[in-house]
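**Q** One letter stands for each residue in the lines below.
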Amino acid sequence: MAQKYVIGIDLGTTNSALAFAEPPEDSRDHAPVTLLDIPQLVNPGEVRDESLLPSFLYLTGPNDFPEGSLEMPWPSDPAFVTGELAKKRGSENARRLVSSAKSWLSHAGVNRTSAILPPTAPEGVEKISPVEASRRYLEHLRAAWNSKMPDASFDEQQVLVTVPASFDAVARELTITAAEQAGYKNVVLLEEPQAAFYAWLERHPDWRERVHVGDLILVADIGGGTTDFTLISVTEAGGELQLERVAVGEHILLGGDNIDLALARLLEQQLAEKGTKLDAMQLHALWQQCRVAKEHLLSGESKKDEYPVTILGRGTGLVGGTIKAKLRTEDINRVLLDGFLPVASSEDMPQRRRAALAELGLPYAADAAITRHLARFLRQQAANAEHGSVRRGPSGIACPTHILFNGGVLRAPLVRDRIIEVLNNWLAAEGMEPVQPLLGEDLMHAVARGAAYYGMARSGQGVRIRGGIPRTYYVGIETAMPAVPGMAAPIKALAVAPFGMEEGTGASLPDREFGLVVGEPAEFRFFQSAIRKNDDAGALIDDLDGDLQELSPVEVNLTGNAGEVVPVTLETVVTETGQLQLWCVARDGRRWKLEFNVREQVAQ
Amino acid sequence: MSRIVSAFKSFFVILFQGELPEDVAREFGYSKPQPVKPPPPPQATAADGALQILGILQRDGRLVDFLMEDLRAADDEQIGAVARSLQEQCHAALQRHVQLVPVIDGVENSFTKLATNDPTTVKLLGNVPASGKAAGGVLRHKGWRAEKVDLPTIKPGPQTLIVAPAEIEIE
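Going down the list, the protein sequences come from chains A and B.
Numbering follows numbering that gives the first Met the number 0, in which position 187 of the first sequence is assigned residue number 186; successive positions increment by one, without gaps.
Numbering follows numbering that gives the first Met the number 0, in which position 49 of the second sequence is assigned residue number 48; successive positions increment by one, without gaps.
One chain only, chain A, in its complex shape (with noise of 0.2 angstroms):
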């Protein structure tokens, strides 16, 4: 059996979806992209197919489920539940459901590769990492595939899985380690935003007559749990057009979930006034019943600007214990467009967390204001480098031609003609042009299809977006300096991959020897910096300022002759599959691996 297609997967935050693609024999011809049914239990012995894997796993209990309920169409273990089913029964029994486990693994503050979800989980209840938690989503997709698609081994199969752009390093690794630890063979990452345009591109052959030769894109991907910004750049080579991700945002976490909880505390509010008090069953219940009731009055097709919003009684007195309320538009409006869309000048920043102590959980956003968490990503590149060619207007902000939604959000007009609205006042202020909206559809399974598509396009049909890493990387050096008692020995930063670095190259710094001791783990200190975006290979950096941030510390452990020193360069490469690798280099030749060190960064 050989490869025959191309799976793209969307490993989300708060749902996955897999998509797939059979390359033509003729490059020339359009390969129309599939989604794949993933079967899943929805109820106790209930598998159905949905469209979306709810990212959700539940541990198990002793007494949750009848026997024997929770067979699968494949040999599967009962320790746990993954999708519809999951979400479902972790909203009655929330301390054993595992979610946003891909939030937890982009999160440096915890140790990720060791069993810490769900935080809240009693004594007694075995928890699992961050990556196994992705590892059984995946196992799952993969499972499904092989059960649906019988004729065409998983395996075989090319697989791109998509990370968000702003996953570091270290997050990328470890998404690569889930899949592997799933049994994926042949992974290769893709970057949300970019699938997302891939998807356009896929649905809009005849993209070269719809952006030119300096045009900036701006895709805008809001999802459940978080918000991501890419730049990608309209250039030229050869007479031919070509597109080039220049710039990405910060992780931020903040999404549609946000939007709906702020929607049912609104409504929560409103009923206390009255008198009606809701618990935790109830308010989750009202959670659900204000996504359902936004997606209706956003939806452009409701006339009506209210939506009733009913909680059953939980007991058998149905009718007797129901709680009525309304949700209407002006709610909505006010909670959405004043809060989360806020009319923000291109100079307003987002508020920063003050420093407090900080709880066991994810770095949540401390600002709901999606517009200013935009002004600031355009204002990082107005900052910094020339890298690629980035339009500006005067004051140095980058001025986006097109932009591209996508993500459950975008989905209601209301909210992408806010976000236009923002952005053209901006542009107005650097007298430039309006914003063109790209059109896209099907926002929900975009990441997956668009995957498929750049499947088809590494293999060289289809246009591809060239990109290479998003951050400039560094190691930090001590500097030799006299030791000063109570100061901690300066540190600089040595600039070891650069942004834009591209798959399949290497850089090497073959003039900065270090002395590795044999036999005892070297560790490097790791930084990375999505704003520096001008910083070659062996440049030098004094100031570790707020442009910096420190990744999980890398460590090389050289075996041999122990005591003996060994002088090394280091080299970095991007392999072909997008992921950074750093190396250790002997005179004579010897290569070492330098590996991330997840565990450490929890001890300090």
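A couple of the hints might just be wrong.
[Claimed, not checked] Okay, the calculated bits of chain A under chain B, using three or more residues with CB under 8 angstroms as the criterion:
hint, region
1, 41-52
2, 299-311
3, 314-327
Hint data in this document are derived by calculation from the structure and do not stem from the laboratory.
This structure is a prediction, so every number in the text was calculated from the model and none was measured.
Even glycine gets a Cβ: it sits at the ideal position worked out from N, Cα and C.
The hints should help you fit chain B onto chain A, whose structure is shown.
**A** Quick look at chain B alone, frame taken from chain A:
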């Protein structure tokens, strides 16, 4: 059986009958034990299916709660709010499991020709002729027919008498 007896017996039986004697084969573990037939699995009954669909409509749409509740004192607005949610959920559940189509896909209150007079399919009302047969009439109700029933397989047993489990919250 002593080993000498077994050896001789085996020798001659193999020589003349071409196979190992059954008792020797059993003793030395060369014979497969006869498979014991498992008792037939309990069959799902019509009652199981009925309770199952009730269970589904209760789980997804709270139908049983609604039907069992005393609504004489409840005000219409409150009932209306519940009915809206209940109807939506039960409709979705029903559509998933039972695909309902009209028996006669015509326009109600207009004249319709009949292809059959089978009483389970068509019920004749009004001035029904003595023969009990008619070639057509005014379609008053289109009827319902389940084109497809797609219910999860159930494992029959005592637990299938449960329509909805009791819910206990640990505080």
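**Q** All hints are to be evaluated individually against the structure, with a verdict given for each.
**A** Hint check:
no.	hint	verdict
1	41-52	holds (count 5)
2	299-311	holds (count 3)
3	314-327	holds (count 7)
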